[in-house]
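Participant: Sequence:
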Amino acid sequence: MGFRRPEAAQVQEMDPGEKRLNELGYRQELRREMVFLNLDSSLYNNLRFCSSFVHVLTLFKTLAISFSTMTLFTGITPLYGSSLLYAGPASLVWGWVVVSFFTWFVGIAMAEICSSFPTTGSLYFWAAHLAGPRWGPFASWCCAWLETIGLVAGIGTQAYAGSQTLQSIILLCTGTNKDGGYFAPKWLFLCMYIGLTLIWAVLNTFALEVIAFIDVISIWWQVIGGLVIVIMLPLVSLTTQSASYVFTHFETAPESTGISSKPYVVVLSFLVSQYSLYGYDAAAHLTEETKGADKNGPIAILSSIGIITVFGWAYILALTFSIQDFGYLYDPSNETAGAFVPAQILYDAFQGRYHNSAGAIVLLFIIWGSFFFGGLSITTSAARVVYALSRDEGIPFSSIWRKIHPKHKVPSNAVWLCAAICILLGLPILKVNVVFTAITSICTIGWVGGYAVPIFARIVMDEKNFKAGPFYLGRARRPVCIIAFLWICYTCSVFLLPTYYPLSWNTFNYAPVAIGVGLSLIMLWWMLDARKWFKGPVRNIDISNGKV
Numbered sequence: 001m002g003f004r005r006p007e008a009a010q011v012q013e014m015d016p017g018e019k020r021l022n023e024l025g026y027r028q029e030l031r032r033e034m035v036f037l038n039l040d041s042s043l044y045n046n047l048r049f050c051s052s053f054v055h056v057l058t059l060f061k062t063l064a065i066s067f068s069t070m071t072l073f074t075g076i077t078p079l080y081g082s083s084l085l086y087a088g089p090a091s092l093v094w095g096w097v098v099v100s101f102f103t104w105f106v107g108i109a110m111a112e113i114c115s116s117f118p119t120t121g122s123l124y125f126w127a128a129h130l131a132g133p134r135w136g137p138f139a140s141w142c143c144a145w146l147e148t149i150g151l152v153a154g155i156g157t158q159a160y161a162g163s164q165t166l167q168s169i170i171l172l173c174t175g176t177n178k179d180g181g182y183f184a185p186k187w188l189f190l191c192m193y194i195g196l197t198l199i200w201a202v203l204n205t206f207a208l209e210v211i212a213f214i215d216v217i218s219i220w221w222q223v224i225g226g227l228v229i230v231i232m233l234p235l236v237s238l239t240t241q242s243a244s245y246v247f248t249h250f251e252t253a254p255e256s257t258g259i260s261s262k263p264y265v266v267v268l269s270f271l272v273s274q275y276s277l278y279g280y281d282a283a284a285h286l287t288e289e290t291k292g293a294d295k296n297g298p299i300a301i302l303s304s305i306g307i308i309t310v311f312g313w314a315y316i317l318a319l320t321f322s323i324q325d326f327g328y329l330y331d332p333s334n335e336t337a338g339a340f341v342p343a344q345i346l347y348d349a350f351q352g353r354y355h356n357s358a359g360a361i362v363l364l365f366i367i368w369g370s371f372f373f374g375g376l377s378i379t380t381s382a383a384r385v386v387y388a389l390s391r392d393e394g395i396p397f398s399s400i401w402r403k404i405h406p407k408h409k410v411p412s413n414a415v416w417l418c419a420a421i422c423i424l425l426g427l428p429i430l431k432v433n434v435v436f437t438a439i440t441s442i443c444t445i446g447w448v449g450g451y452a453v454p455i456f457a458r459i460v461m462d463e464k465n466f467k468a469g470p471f472y473l474g475r476a477r478r479p480v481c482i483i484a485f486l487w488i489c490y491t492c493s494v495f496l497l498p499t500y501y502p503l504s505w506n507t508f509n510y511a512p513v514a515i516g517v518g519l520s521l522i523m524l525w526w527m528l529d530a531r532k533w534f535k536g537p538v539r540n541i542d543i544s545n546g547k548v
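Oh and the sequence shown: position 303 is 303 in full-length UniProt numbering, straight run, nothing missing.
Just so you know, these hints were derived from the structure itself, not from any lab. A couple of the hints might just be wrong.
[Said to hold, decoys possible] Label pairs and their computed distance ranges (CB to CB):
#	residue 1	residue 2	range
1	SER256	LEU188	49 to 55 Å
2	PRO396	THR239	45 to 51 Å
3	VAL513	TYR354	46 to 52 Å
4	PRO470	VAL223	37 to 43 Å
5	ASP462	TRP533	39 to 45 Å
6	SER256	LEU521	33 to 39 Å
7	ARG478	SER520	40 to 46 Å
8	MET461	LEU528	42 to 48 Å
9	TYR354	THR507	21 to 27 Å
10	MET461	TRP187	22 to 28 Å
11	PRO428	SER256	21 to 27 Å
12	ILE231	VAL460	46 to 52 Å
13	PHE397	SER520	31 to 37 Å
[Claimed, not checked] Below are the DSBU-like pairs computed for lysine-lysine, each with C-alpha atoms no more than 30 Å apart in a straight line:
#	residue 1	residue 2
14	LYS535	LYS467
15	LYS409	LYS262
16	LYS403	LYS262
17	LYS295	LYS409
18	LYS403	LYS186
19	LYS295	LYS532
20	LYS535	LYS295
21	LYS431	LYS186
22	LYS535	LYS464
23	LYS403	LYS295
24	LYS431	LYS178
25	LYS532	LYS467
26	LYS407	LYS295
27	LYS431	LYS295
Positions of the beta carbon are idealized from the N, C-alpha and C atoms, including for glycine.
Based on the sequences and whatever the hints tell you, model everything.
Facilitator: Here it is as structure tokens:
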């Protein structure tokens, strides 16, 4: 397939991802190429005649976006302290290994599906086609809303954790909690939360090349920054914990958590790993904007999991080996007000060695940068899902949210819708102390729960109806998908559990209520109205004659 240029009668071969997209009934709307426009004028004048100056969003840039969405620091850092408190270091350290093992099954199952369906609708598009004509609309409806809930809440998790890190940076820069440093109050914390959300929305309003360029910076920021922290922190620490302490020590803290059951605290200590090891589907959200998406998408998914698996465990080990005084980490009177355990670990290391906190501030800034890049990437993914769902008329006022910016070719209206909802999610910060726990649970259940629908459909579908892409599991697909589906069900279940006892307004995990109410309304809408008109992904190409 190709087209003829009138000027030169030259045939251009269609990208295989675009060809497969057309076969699925969609025309190409989003850009598959990117040009770096923000150049110094003299450099641009030197390069403007070079036909090669058209940078394609290829494997590396797709990997960068997927890797940035998972991020090395953003999952581990905010939940490290609570997971360490539940059951001590051994459960936390080995929990990462266990969760990583099962995550590979989910990633492999999704990579196979991604290879077959290179469309920006990703998960819910996959669910519709894999479930068949009878159940496809319902499957895509459930998957689309789960994924949308998870991604929008995901923006909130990055904004909250980024604000928490910035709060610690400001505290250490102005002194410490013991020396009169400024600890940002709730109203300022909320302003930081909103500010980050708005910055990500503004950046996503530009073009794909801006986002992809920043995400390329992100992958190097996290790889180099991760290496610096993993290597430097244990070296700077005056003393380090023994290997037996890190790998075998188990202790509960019922006086702090209210939980004495050992199996229960082990389950809760795994939450940091389960929260960190997802987001690898981000590459699928950009497949319509990626050259060779049927190959590069799966590679990016699996590569992201591999990188995060190794770097994440190394980061956990670096923090745990560098603990100076376990009990002091949670003391409200310590230098970081007991609010952010990783910040206290960094402070103790540099203060003990150099008698100042400058090094800790620099490393915290590296971590904060990871939150910034992660939030930017998740905003990108969330907007693509909202755009894809509105393109198929699955959201109220779809005609507004599916509009593409005429110049930048990005779904700018969808971007700002996601930002507005994220800001609303953060408003309880002013009154409620468990906002992050709730947003994290909602994000994980929605995001990871969205994975379960297409994977389950892949299990039950007739194999002859599946058009395999370059990445194909063959006979291994059923056991891989079954293990992946069961693991997802377990993950969603544990994020509904209370994390502290006794239950009160300050300790209650209200995610089950929020998820229950939200999904009930969505299902009610389906039964009363949406099932009559929502048919899943809507083709905008007549395949029989190729007309748009």
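Participant: If a hint holds in the structure, say so; if it does not, say that too.
Facilitator: Consistency of the hints with the structure:
no.: 1; hint: SER256 <-> LEU188: 49 to 55 Å; in the structure: 27 Å, violated
no.: 2; hint: PRO396 <-> THR239: 45 to 51 Å; in the structure: 58 Å, violated
no.: 3; hint: VAL513 <-> TYR354: 46 to 52 Å; in the structure: 48 Å, holds
no.: 4; hint: PRO470 <-> VAL223: 37 to 43 Å; in the structure: 27 Å, violated
no.: 5; hint: ASP462 <-> TRP533: 39 to 45 Å; in the structure: 28 Å, violated
no.: 6; hint: SER256 <-> LEU521: 33 to 39 Å; in the structure: 36 Å, holds
no.: 7; hint: ARG478 <-> SER520: 40 to 46 Å; in the structure: 32 Å, violated
no.: 8; hint: MET461 <-> LEU528: 42 to 48 Å; in the structure: 29 Å, violated
no.: 9; hint: TYR354 <-> THR507: 21 to 27 Å; in the structure: 38 Å, violated
no.: 10; hint: MET461 <-> TRP187: 22 to 28 Å; in the structure: 52 Å, violated
no.: 11; hint: PRO428 <-> SER256: 21 to 27 Å; in the structure: 23 Å, holds
no.: 12; hint: ILE231 <-> VAL460: 46 to 52 Å; in the structure: 47 Å, holds
no.: 13; hint: PHE397 <-> SER520: 31 to 37 Å; in the structure: 22 Å, violated
no.: 14; hint: LYS535 <-> LYS467; in the structure: 21 Å, holds
no.: 15; hint: LYS409 <-> LYS262; in the structure: 53 Å, violated
no.: 16; hint: LYS403 <-> LYS262; in the structure: 52 Å, violated
no.: 17; hint: LYS295 <-> LYS409; in the structure: 24 Å, holds
no.: 18; hint: LYS403 <-> LYS186; in the structure: 36 Å, violated
no.: 19; hint: LYS295 <-> LYS532; in the structure: 37 Å, violated
no.: 20; hint: LYS535 <-> LYS295; in the structure: 29 Å, holds
no.: 21; hint: LYS431 <-> LYS186; in the structure: 8 Å, holds
no.: 22; hint: LYS535 <-> LYS464; in the structure: 23 Å, holds
no.: 23; hint: LYS403 <-> LYS295; in the structure: 28 Å, holds
no.: 24; hint: LYS431 <-> LYS178; in the structure: 26 Å, holds
no.: 25; hint: LYS532 <-> LYS467; in the structure: 29 Å, holds
no.: 26; hint: LYS407 <-> LYS295; in the structure: 29 Å, holds
no.: 27; hint: LYS431 <-> LYS295; in the structure: 47 Å, violated
Hint compliance for this structure: hints 1, 2, 4, 5, 7, 8, 9, 10, 13, 15, 16, 18, 19 and 27 are broken, all remaining hints hold.
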